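Novice: Spelled out, the chains give:
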Amino acid sequence: MQKHMRRNLAMILSGAMAMSMMAGFAASAEDGSDIGEPNGGAEVTLWHYFEHEATALNQMVKQYNESQSDIYIVPTFVSRDELMKQYTIGAVSGELPDIGMVDSPDMASYISLGVFEDITEYVQDWEDLAQFYPGPMASVKDADGKIYGLPNNSNCLALLCNMDILNAAGVENPPTTWEELREVCEKTTDPDNGVYGLAMSAISNEEGTFQYIPWLYGAGADVTDVDSEAGVEALTYLSGLVKDGLMSKEVVNWGQGDAYNAFLAGKAAILESGTWQIATLDGQDADKVTFNYKYVPMPAKDGKQATVIGGENFGVCAGSEHVAECAEFLKSMMSAQNNADWCEIAGKLPIRGDAVNLKDFWTADERYKVFNDSMDFAVARGPHESWPTISEAIYTAEQSAILGEKEPADALAAAVIDPILAETPIAAQ
Amino acid sequence: MLCAAVSVLPWKGCEIVRARSTIAAKRRREGYTFILPGFAYMLIILGYPLIYNIILSFKNVNVKTFASGTSVFVGFQNYIELFQNETFRLVLKNTFVFTIFCLLFQFTIGFIFALFFSQKFTLAGPIRGMVLVGYMMPMSVTALLGKNMFDVSSGVINDLLMKLHLINAPVEWLLGGGTAMAAVIAVNCWVGIPFNMLLLTSGLTGISQELYESASVDGATWGQRFRYITLPLMKPAIMSVLMLGFIYTFKAFDLMFIMTSGGPLNATDVLGTYSYTLSFKQYEFSRGSATAMVLFCCLFVIGLFYLRLISKEEE
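Respectively, the protein sequence lines represent chains E and F. Everything in the first sequence is counted per this note's numbering, starting at 1 for the first residue and increasing by one. Everything in the second sequence is counted per this note's numbering, starting at 1001 for the first residue and increasing by one.
Rather than coming from a laboratory, the hints here were simulated on the basis of the structure. Wrong hints could be hidden among the right ones.
Derived EDC-like pairs: lysine to aspartate or glutamate, alpha-carbon spacing no greater than 16 Å straight-line [claimed, not checked]:
no.	chain 1	residue 1	chain 2	residue 2
1	F	1064	E	423
2	E	249	F	1172
3	E	331	E	81
4	F	1064	E	258
5	E	243	E	258
6	E	243	F	1172
7	F	1064	E	144
8	F	1281	E	81
9	E	249	F	1151
10	E	294	E	366
Since we're looking at a predicted model, the values are computed, not measured.
Can you build the whole structure from these sequences, using the hints too?
Specialist: Next comes the structure, spelled out in structure tokens:
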């Protein structure tokens, strides 16, 4: 009997080990598309998590590989979560790519962890630097103003309205204020068909915080005083929408993609939507867009409007043997023309003023124009090395109010952010 | 005889003893050589990370001190802070609630299944094999299925319950603390039941049918046969299953990580996921390590029990 058990046990254990090993292999796969023939230069690796934008990235890399022979750049797709884990592990083990992509609010932490190389000497005298917008640029610097990378693209949030649902409910124009938004939600919510007024992401990760920031700043508060009167008002507004059945409670489990899918399926009249979603509306989901829609800026409260800046940066990773060459590539990648070309293809906002002026793409398409104009009142997250901890405090408060665990004021009072900021304040931009 | 020889010829005796001790030493060396690969493996693969983790848990390595190398030893501060932290206490409680309920259900149901399928009826074998599918499936797939099935508006479970008129409004499974915990326990049991069934089945097949036959002849009822034959003979198997089940369940990670991300509001956060969050999401490496150490210590105690049990059995 014992023998039987042991043998079975051994089988199970070895099976379990094989399974977990297989899971480990599923990490990364090289993008098969054309990046040019090897140019004789040293091979440098570039890790990114672009999906529908990957082809455009490879095109740009190909161009660069063919234009010089110092380095040969090989881009590799690594999913965002996996990439973040690899940076953290790489900080210890030193196993890092030469060039790495990073979500802008995470950059400060990685700079602090020593993941990125100081490239100040290669870029500080670059006259183009003056053209970069201050918000994205601040996210690649440390507290001493040293530069660790260059921003690549920006995005922000706006409201995406399903005009068919709005019109059917007797609403002619998309909402422009908080009060109007609530009214529209009341009119469009249809419990019998599972249609809600608003959809957003309030998930327990950075996406949740990202989507909360416009409401926080729109109410007149900011991350240094989330529990102020204005801060409480913002959370009361959002949790009120859920409490009154105008927004699904499921938003606490929705990433931005899930909220977008709910909107696309006609389960929400209005979506808090990001710039990058225009590209998916036009591309992979074109046949699902069977309704008229319209983008409008985030609603105003007492004349005050706010949205949040998102976007990705590229940095040269610590330990690379080709820091100077990689920095040159970053400069070329972020030249006005390249940045404009790239952002047009990828459906993003450029990070430098002169790039916007090169094309009428961001002004002619009224959808992109909404986002481009919104950048005037967009706020950045951080930069702060402990941003993930601050972010956790914010989305936890948001979730406890939405789920009805706590009153908004109590939930926000429990968000411990002040001691973190007292120790290291957010660098002024 | 030998003693006499030694006493008569003391110098010879010394030689014999010396020769013996060199042989013994040689054999001991040989023995050490044999265990060396295993020992080295343990030391490198298990010992190094463990010791590294223990050291890390007594320092203050975080996003600020990591690269600058300014971390210092802080004694038990990480542990003290953890136990003062409301979230950590909740996570610890969750881990035990999850483990105990999972064990309870998966063991009971697994045992019933094992008994049921040990009956000789048509298709007993194939059906038993099919029950094992749950165990064969990678946990990530199971967790994703669970996430979709327990979805409030589009999940099949709510749909089913509504159609059967057991509920009037959808249950907010993964939106409420208690219901989310129930959901992850249910999904974990789906995996755990076949595991328990498999181990208990092999225990059952080890019991000679003759025992049951003679007990029947003596007029023992089904209950009596179970109570006085099956249970006592199955005791070692049962203990092993419970111990292994405890260890497997206590260090759960992938299920919650994928199905609920530990939410809502840490309601399904367990030590494994919480440790990951601290280390990899907030870069609080030392506190993450301390959490992992708490997990390790709990399992270490259980492991000791298990080892004692095994050695007792072998005696």
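Novice: Would you mind marking each hint as holding or not holding in the structure?
Specialist: How the hints compare with the structure:
no. : hint           : result
1   : F:1064 - E:423 : 11 Å, holds
2   : E:249 - F:1172 : 9 Å, holds
3   : E:331 - E:81   : 26 Å, violated
4   : F:1064 - E:258 : 34 Å, violated
5   : E:243 - E:258  : 20 Å, violated
6   : E:243 - F:1172 : 14 Å, holds
7   : F:1064 - E:144 : 15 Å, holds
8   : F:1281 - E:81  : 10 Å, holds
9   : E:249 - F:1151 : 12 Å, holds
10  : E:294 - E:366  : 9 Å, holds
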